[in-house]
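2 protein chains.
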Amino acid sequence: MSHPQTVFTQTEFHGPSLLLSRRSTIARATVKAQLQKLKDTGRYHCFSLKWQPIYDDRSRWPCPAPMYWDSDVAKWIEGACYLLSDAYDAEVDAAVRELADMIRGAQQEDGYLNTWFTIAEPGKRWTNIRDQHELYNAGHLIEAALAHSSYYKNNLLIEPIEKYVKYICTVIGPGPDQKHAYPGHPETELALLRLYTTTGNKEAYDLARYFVEERGNKTGQDGLPYYDWERRQRGDSPWTRSDSYQMHDSNWYNQAHAPILEQKSVEGHAVRAMYLLTGVADLVCLDELGIQSFARKGDYREALTRLWNNLVDKKMYLTGGIGSMWQWEGFGIDYFLPQGSDEGGCYNETCASIGVIMLAERLLHLDLNSKYADIMELCLYNAVMTGLSLEGTEFTYVNQLASSDADRNRREDWFDTSCCPPNVMRLFGSLGGYLWDYGCKGKDAYVNVHLYTTAKVTFPVEDEQIVLEQKSNWPWEGNVLFLLQAPTSASVTLRLRIPSWARGKFTLTPSYKSAKLEKGYLVLPSAYTTANKAFSIQIDGFQPRFISPHPYTNQNTLTLARGPLIYCVEDVDNPWEQDHFRNVGIRSDSEVTERDEEVDQIGERYIALRSACWIRTIDDRAELESGVEPGLSHPRTGVTGKEVLTFIPYYLRANRGGKGHMRVGLLKR
Amino acid sequence: MSHPQTVFTQTEFHGPSLLLSRRSTIARATVKAQLQKLKDTGRYHCFSLKWQPIYDDRSRWPCPAPMYWDSDVAKWIEGACYLLSDAYDAEVDAAVRELADMIRGAQQEDGYLNTWFTIAEPGKRWTNIRDQHELYNAGHLIEAALAHSSYYKNNLLIEPIEKYVKYICTVIGPGPDQKHAYPGHPETELALLRLYTTTGNKEAYDLARYFVEERGNKTGQDGLPYYDWERRQRGDSPWTRSDSYQMHDSNWYNQAHAPILEQKSVEGHAVRAMYLLTGVADLVCLDELGIQSFARKGDYREALTRLWNNLVDKKMYLTGGIGSMWQWEGFGIDYFLPQGSDEGGCYNETCASIGVIMLAERLLHLDLNSKYADIMELCLYNAVMTGLSLEGTEFTYVNQLASSDADRNRREDWFDTSCCPPNVMRLFGSLGGYLWDYGCKGKDAYVNVHLYTTAKVTFPVEDEQIVLEQKSNWPWEGNVLFLLQAPTSASVTLRLRIPSWARGKFTLTPSYKSAKLEKGYLVLPSAYTTANKAFSIQIDGFQPRFISPHPYTNQNTLTLARGPLIYCVEDVDNPWEQDHFRNVGIRSDSEVTERDEEVDQIGERYIALRSACWIRTIDDRAELESGVEPGLSHPRTGVTGKEVLTFIPYYLRANRGGKGHMRVGLLKR
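Each protein sequence line maps, in turn, to chains W and S. With UniProt numbering, letter number 535 in the first sequence gets 535, and the count goes up by one each step, no holes. With UniProt numbering, letter number 589 in the second sequence gets 589, and the count goes up by one each step, no holes.
In case anyone wonders, no lab produced these hints; they're calculated from the structure. Certain hints may be false.
Identical copies go unnamed one by one, so any copy, or any two together, can satisfy a pair.
Straight-line C-alpha distance at most 20 Å; calculated SDA-like pairs for lysine to any residue [to be verified]:
#	residue 1	residue 2
1	Lys668	Ile615
2	Lys124	Ser237
3	Lys668	Thr617
4	Lys668	Thr637
5	Lys314	Arg616
6	Lys314	Ala406
7	Lys668	Val639
8	Lys668	Arg616
9	Lys314	Thr637
10	Lys668	Gly638
11	Lys264	Ala406
12	Lys314	Thr617
13	Lys533	Glu469
14	Lys456	Glu469
15	Lys659	Val599
16	Lys668	Asn556
17	Lys668	Gly585
18	Lys264	Ser341
19	Lys166	Gln108
The structure presented is a predicted model; accordingly, all values stated were derived computationally and were not measured.
Sequences and hints are given; from them, build the entire structure.
Spelled out as structure tokens, the structure:
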């Protein structure tokens, strides 16, 4: 199978698009801004193994921030390598080289490679695999090494990393003298499988598979779940737990409460859950390819489907954000999807929706169904893209659907836990790989087009090559022009996603009577692609529409959407609003008008929407006078004079000043 | 000041009423059923100081159930003593005497009196005042002793308890060698103040006052908050915490996050919060009487008002239930009031609403305002009365507003933590004391009538006595007949509460033109009461009405209420319902009819309500087919054929079988 992180180089964003605009901003501004942050905070030099004062700060127990500095650096290297090929920068290049040298130098004799446990807590290696990110860091180092070797065409990073993997395989595994452990923060699994796919490293495959199969084993080590055994070894009470653990034994926090095959719903930390399932999907993909069989074949596929459905049907926000609970940065109960802090939650970490995109991409390999690509697009244009400022130097970590006085609609230039900023860089760096997947068997080639934009993919078919080009003004307009160049001998099948919000409405030009829709993809067989090297599809659904979350969420709200974009309101466009739009409503029968807009100075263009709204009045005075019945007699609310509300795409929020008031779901009548 | 627990003996329930019916059931059935449970579980003999196997079970850390057995026994003694005077029972009498003997025998040489730390963990006294209920147990022993001495007219329990208080005063206090501690579970404060009020024990007063003023001191012991200091003494990590603590340092769990004067909102464990504030109100009442001044006079009154308003305006359910969070049995954020587990919470412990009643009664002494009495009545007839089965032998601990598959509408005959059953006994035992307060200054007497029922109060005015009698069919009808007997020389002012739900509508007969309404009380001066020894008031509000919780709760629901009663629906009356009435709605413009009903066998009469309803349909199939947008396009819901819904008073739920489906708030259109 192919991974987007590997094949993205075959795709070129060869004309203007919103995606290219973001990717260029990241290449131009974000990479260097983050490099500066790495340097300012001490991260850049952590692999030099020099002690830094921050190592003494244990106020964040059990996981001080420097404990995952390795991953921050690794993710930056990975993202930088993805972007260097398109946007070479000597300073970035030099930094990557220097970091690679430092990483090589940080490796211990036995292969161990982790800065915290080498500098700050020597002798404590592998004593808290549950909480202390040791394997997580290893995973990101693997991904950095893969990106590095792909760009630099050398083994300077792959070599020490493979040595580290070999060492980890001596420590962890099924043997009687090994730790029967698995990552507290999954990620290592998918990294190991990418390593295997790229280099054929069989130990990496075996270790990933072991992690997946051992996870949640209730009698894994001396008759105990591994994390319990490990805790006892440390001499910790079961009631000694980090703030992320709601209760003692809350092993669902890191998806270790049950074997994956037995997990009924997605639980706990959202990023961990997504990375874990991405690894599982990778393993199933490899299994499909006949590379290796699971002990219990087939079941993992069922588990993936079950957990995906739970995620999308009951635990995802309209924006593609996931995770309503701040305490464990993860999932609440089914349908618990409040919009903001003052309603009881809403977290939606940027990384978590990046994880959804990664998982969806893997699932498309297992089951070409547009429902996965639809979610991939939803997350990309909304929950993820909102995480990056227009200038590329500011970020959000949490992406609520409504602001409140406690959590305003604002950005930061960095975070103590800074997983999200480099993750956006990694995703956009390899974004070309998510647009489509393709391949060939002899002369029979296919391209499955998941995302529309303006881009061109080139891939070999036997000794020649196929070039497929798409041109569109997505996400603003639904017309996509395709140009196909293929050897005359090749037989090319194209599959074009019809988004669910298009409601099955599209126009293919030239038309093709026997075109079939299979699981949300319009199939264009070689008969068509041979006859039509240029064709276009006009996809419907670019008129504004009203959407609502599931009724069981108790969110009696309406949201405007247009194409793949979810809209929100901000006080900067609606300065009359004083209370986070908490009492502002819209009607689904109102007229919605569109207006082309441009963000001053930056020149970013977008379509704003406008619609009449109503204001809920709450008779607090009546309440106070009666004093009594909590929940005074019905009705206590009224409706007053209308204003006109201006909506912008959610991804554009928190870029243009204002008081920090924002909302996605408005009251419904 | 007077306490209901002291003066209730002056009130007689001299004719049939719902309140008398419950009190009689408790006296007849509940007292003995609970005595049997005390015996079956080992509690009864804990004061014999014999070791029991359960003492070895430390699975519930840091507070195994036997750690608060002392309070279970004490609360039973207290309730039994309240009821013995009206309903003498030789077995109960003998048990109280035997328990008193055992308690006397359990006291240690130095005065210490606690079974757990004497039998199970000797040497660990006062090492975890925060979590281990040592002072809480002492408080309930004080209350038991007061009830015991009042009924038995001897000092058999008061004597050892006063000795225990004297001992505690050596351990805790402001001195340099004393612990600057305060109860982890407040209750001791109000018990000490009752002890002081009854016996004049000044040490008790001083200790209570110290507890209130020291609480939340951030530098109380060696520059640390007391609980932090205590934890360090134990050698515990800050991250070692019971499951009730959401995060480390969650000192709001037991209202120790800040001095009471600085607390902005009611937080944490709801029962603790109510008991604490009741103690504070007691102290302010005593202050008003000129007994002792606070260091910062006046401020505590303001704090009480602020916290009461937060409680009632933002954290109370329609039923008078409080506490939406299961994990800490307490408060969520403002307006977070989901109806049941499948919506994210709803706890409403019976004891917590009993605490509201106690607090409201105290506040009425400070500020005679019907808003306190209205809430007292709301809690009594709804959140509290629902905690006891019609037969008096089964209970609820948690009182949700909607059932779910995980938490059905059911009762138990006991709980491991069995605070609620004896608390209901205590409340109903002393209930007469909550109906009214009264007093005199020379010949000028007053009675403030808070609750309507059928009852008679007799109290002295100089050498003679006043008897005020009320007769009504409350809570079913609003007509209340009053008969006053008073010495001709006495001048009697009556104040009658006009409930807020009456919307100011009432009829006094004979009428009185210059009658004034002061803070929700109709004032009848001596001019009226001298001329009219018999009069009646007809209070409006007994037609069914629709109420809704505050809009910020996101509960788009309607609830039926009638007079002081909140109604609910149960599947036993509406057997067509299969999903906890989750998709059932009503309309506020629907006709509601009433029907007199009777519970078979038991003969309990009530008024049922009936109204048309509508059913929400959710097009889950459309959702699955589209697959995609979480929150499919609006509209996804529809409305189908009507059924007729039968409503019963919430207090009657879970008495007549059925599948355990119940709901208070139904969908609103």
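Consistency of the hints with the structure:
1. When the C-alpha separation of Lys668 and Ile615 is checked against a cutoff of 20 Å, the pair qualifies both within a copy, at 11 Å, and between copies, at 19 Å.
2. With identical chains, the CA atoms of Lys124 and Ser237 are at most 20 Å apart both within one copy (18 Å) and between copies (19 Å).
3. Proximity of Lys668 to Thr617 under the C-alpha cut-off of 20 Å is found in both arrangements, the shortest distances being 14 Å within a copy and 18 Å between copies.
4. Taking the shortest Cα distances, Lys668 and Thr637 sit within 20 Å of each other both inside one copy (14 Å) and across copies (13 Å).
5. Proximity of Lys314 to Arg616 under the C-alpha cut-off of 20 Å is restricted to the inter-copy arrangement: shortest distance 18 Å between copies versus 28 Å within a copy.
6. Taking identical chains as interchangeable, the C-alpha atoms of Lys314 and Ala406 lie at most 20 Å apart only when they sit on different chains, with a minimum of 17 Å there against 26 Å within one chain.
7. Proximity of Lys668 and Val639 under a CA criterion of 20 Å is satisfied in both settings, with 12 Å inside one chain copy and 17 Å between copies.
8. With identical chains, the CA atoms of Lys668 and Arg616 are at most 20 Å apart both within one copy (10 Å) and between copies (16 Å).
9. Proximity of Lys314 to Thr637 under the C-alpha cut-off of 20 Å is restricted to the inter-copy arrangement: shortest distance 16 Å between copies versus 30 Å within a copy.
10. Proximity of Lys668 to Gly638 under the C-alpha cut-off of 20 Å is found in both arrangements, the shortest distances being 13 Å within a copy and 15 Å between copies.
11. With identical chains, the CA atoms of Lys264 and Ala406 are at most 20 Å apart between copies only, with a shortest distance of 15 Å across copies and 34 Å within one.
12. For the homomeric pair Lys314 and Thr617, the shortest alpha-carbon distance between copies (17 Å) is at most 20 Å, but the shortest distance inside one copy (31 Å) is not.
13. Proximity of Lys533 to Glu469 under the C-alpha cut-off of 20 Å is restricted to the intra-copy arrangement: shortest distance 10 Å within a copy versus 98 Å between copies.
14. Only within a single protomer do Lys456 and Glu469 lie at most 20 Å apart by alpha-carbon distance; the minimum there is 4 Å, versus 92 Å between protomers.
15. Within a single copy, Lys659 and Val599 get their C-alpha atoms as close as 17 Å, which meets the 20 Å cut-off; across copies the closest is 59 Å, which misses it.
16. Proximity of Lys668 and Asn556 under a CA criterion of 20 Å is satisfied in both settings, with 6 Å inside one chain copy and 11 Å between copies.
17. Taking identical chains as interchangeable, the C-alpha atoms of Lys668 and Gly585 lie at most 20 Å apart whether they share a chain (6 Å) or sit on different chains (17 Å).
18. With identical chains, the CA atoms of Lys264 and Ser341 are at most 20 Å apart between copies only, with a shortest distance of 18 Å across copies and 27 Å within one.
19. Proximity of Lys166 to Gln108 under the C-alpha cut-off of 20 Å is restricted to the intra-copy arrangement: shortest distance 13 Å within a copy versus 65 Å between copies.
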